[in-house]
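Residue numbers (the numbering used here), protein chains in the order written: chain A, 1 to 215; chain B, 216 to 430.
Simulated from the structure, these hints should not be mistaken for lab results.
The reader is advised that the hints may include incorrect statements.
With a cut-off of at most 20 angstroms between alpha-carbon atoms, the simulated EDC-like pairs for lysine to aspartate or glutamate come out as follows [stated by the list, open to error]:
(1) K251(B) with D288(B)
(2) K233(B) with E253(B)
(3) K382(B) with D66(A)
(4) K167(A) with E180(A)
(5) K167(A) with E253(B)
(6) K18(A) with D66(A)
(7) K382(B) with D156(A)
(8) K251(B) with E238(B)
(9) K382(B) with D371(B)
(10) K382(B) with D358(B)
(11) K233(B) with E220(B)
(12) K167(A) with D371(B)
Number of protein chains: 2
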Amino acid sequence: MQLSELSRRSGVSAASIKYYLREGLLPPGVTVSARKAEYDEDHLRRLRLIRALLTVGGMSVAQARDVLAASHDPAFDRHTRLGVAQYLLPPHVTAPPEDTPEGATWRERRGEVLTLLRDDLGWQIHDGAPALDALTEALTTLDSLGYATATASLRDYAVALRPIAEKELAIVDEHPAIDEAIEAVVAHTVLYEPVLLSLRRLAHEDVSARLHPPA
Amino acid sequence: MQLSELSRRSGVSAASIKYYLREGLLPPGVTVSARKAEYDEDHLRRLRLIRALLTVGGMSVAQARDVLAASHDPAFDRHTRLGVAQYLLPPHVTAPPEDTPEGATWRERRGEVLTLLRDDLGWQIHDGAPALDALTEALTTLDSLGYATATASLRDYAVALRPIAEKELAIVDEHPAIDEAIEAVVAHTVLYEPVLLSLRRLAHEDVSARLHPPA
Chain A
1 MQLSELSRRS
11 GVSAASIKYY
21 LREGLLPPGV
31 TVSARKAEYD
41 EDHLRRLRLI
51 RALLTVGGMS
61 VAQARDVLAA
71 SHDPAFDRHT
81 RLGVAQYLLP
91 PHVTAPPEDT
101 PEGATWRERR
111 GEVLTLLRDD
121 LGWQIHDGAP
131 ALDALTEALT
141 TLDSLGYATA
151 TASLRDYAVA
161 LRPIAEKELA
171 IVDEHPAIDE
181 AIEAVVAHTV
191 LYEPVLLSLR
201 RLAHEDVSAR
211 LHPPA
Chain B
216 MQLSELSRRS
226 GVSAASIKYY
236 LREGLLPPGV
246 TVSARKAEYD
256 EDHLRRLRLI
266 RALLTVGGMS
276 VAQARDVLAA
286 SHDPAFDRHT
296 RLGVAQYLLP
306 PHVTAPPEDT
316 PEGATWRERR
326 GEVLTLLRDD
336 LGWQIHDGAP
346 ALDALTEALT
356 TLDSLGYATA
366 TASLRDYAVA
376 LRPIAEKELA
386 IVDEHPAIDE
396 AIEAVVAHTV
406 LYEPVLLSLR
416 RLAHEDVSAR
426 LHPPA
């Protein structure tokens, strides 16, 4: 198909498609004349993934390019290909400088969390996982406001969330094609966050109604 | 204590304290002279709650005033007092207009969710719960992007989150004083959201590592 049809079928403007081609996010079509190229179903699927990375995932064009490069690098296994996509999703938290009291507390808290997840629960987590920084940031904020979280509570959260993660990864693995699997990772990770948080608040309401029935 | 000491002990500026007094968020102190009033430990606790509502909870001054009014209204039981605080926490989603196709789809989806939670799971949920709107918004967004969520998956999420909610409400109930309990509701609801979301991503990493071990 020509660029105009690719645009019509994908819902992505011709200008955006040309931009993705220039930036190397979309592989070039087959040249049929000096001013024309042919595109196929793979381009359509790739466009869908690009839009998921940029729009749903909130990635920059450079981050999306990294995900796409990793997804086709034969040196990487499937775990790494999917992992690159997850690692590049926001938020990315910056640790406080190491030589400050906040930095020391932060690193200590991060170490405790990693010990809990890896040694106690046996989770296979990379030391550089951005979610580990986001978790540490949330916990040190809680600590500083006087709502310190006991390791036992954190353990309860982790144990309760593990079966959810298993079900979600099973959905991702229904897509053997890597582009579709990465799209599923981005969409499920990001779009289910409000689902989880709203359901938690509704569960609070139910538990509270049972604990405090009207007189 | 005088206003200057109240400011020093609470860490809230004298100007902010005067503003909260004017707006009726903080009850007046006992007048000891034309220009002086005495404050006590209740004022200190109330200031802590006000800051939690405004800063952690992201509420407007008017919303915080509503929470404080409800928390001391003898007509309300504990469930309602805590519920008002949760209902006023962001986000507040606006439904699309009823007479549009989006509005009709939205209302249908909302009805399905309410049926699942109330009739299937037996949850005691108020029809006007803002989290129900936030959940509907997230699900219709997923639907429109082609990632429709099966009712069975939603049920799995709800069932997995219920024990977390029970543990969290138990922590809130460790505070019999209503001001402290409301502070705990706000702090736990909001500040634990990034904890939950980061732990979910870490659980994904572990599950993925097991599903796809390096060759």
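Requested in this report: Verify the proposed pairing of K251(B) with D288(B), using a straight-line Cα cut of 20 angstroms.
Outcome: 29 angstroms, violated
Query - Hinted pair K167(A) and E253(B), Cα distance within 20 angstroms - result: Not OK: K167(A) and E253(B) at ~58 angstroms, beyond 20 angstroms, violated.
Requested in this report: Verify the proposed pairing of K382(B) with D66(A), using a straight-line Cα cut of 20 angstroms.
Outcome: 40 angstroms, violated
Requested in this report: Could you grab the alpha-carbon distance between K233(B) and E253(B) and see if it respects the 20 angstroms cut-off?
Outcome: 13 angstroms, holds
Query - Straight-line alpha-carbon gap K167(A) to E180(A), limit 20 angstroms - result: 17 angstroms, holds
Query raised in the report: Quick one, are K233(B) and E220(B) close enough, alpha carbons at most 20 angstroms?
Result: At roughly 13 angstroms apart (the allowed maximum being 20 angstroms), E220(B) and K233(B) satisfy the hint.
Query - 20 angstroms limit on alpha-carbon distance, applied to hinted pair K167(A) and D371(B) - result: 9 angstroms, holds
Requested in this report: Measure nothing beyond the straight line between the CA atoms of K251(B) and E238(B); if it is 20 angstroms or shorter, mark the hint as holding.
Outcome: 19 angstroms, holds
Requested in this report: Below or equal to 20 angstroms on CA atoms is what counts here, so check K382(B) against D371(B).
Outcome: 18 angstroms, holds
Query raised in the report: Quick one, are K382(B) and D358(B) close enough, alpha carbons at most 20 angstroms?
Result: Between K382(B) and D358(B) the Cα gap is close to 32 angstroms, so the pair fails against 20 angstroms, i.e. violated.
Requested in this report: Please work out if K382(B) and D156(A) have their alpha carbons no farther apart than 20 angstroms.
Outcome: The given pair, whose Cα atoms are some 9 angstroms apart, holds under the 20 angstroms limit.
Query raised in the report: If you draw a straight line from the CA of K18(A) to the CA of D66(A), is it 20 angstroms or shorter?
Result: Answer holds: K18(A) to D66(A) is near 19 angstroms, not above 20 angstroms.
The structure does not agree with the numbered hints 1, 3, 5 and 10 stated previously, though it agrees with the rest.
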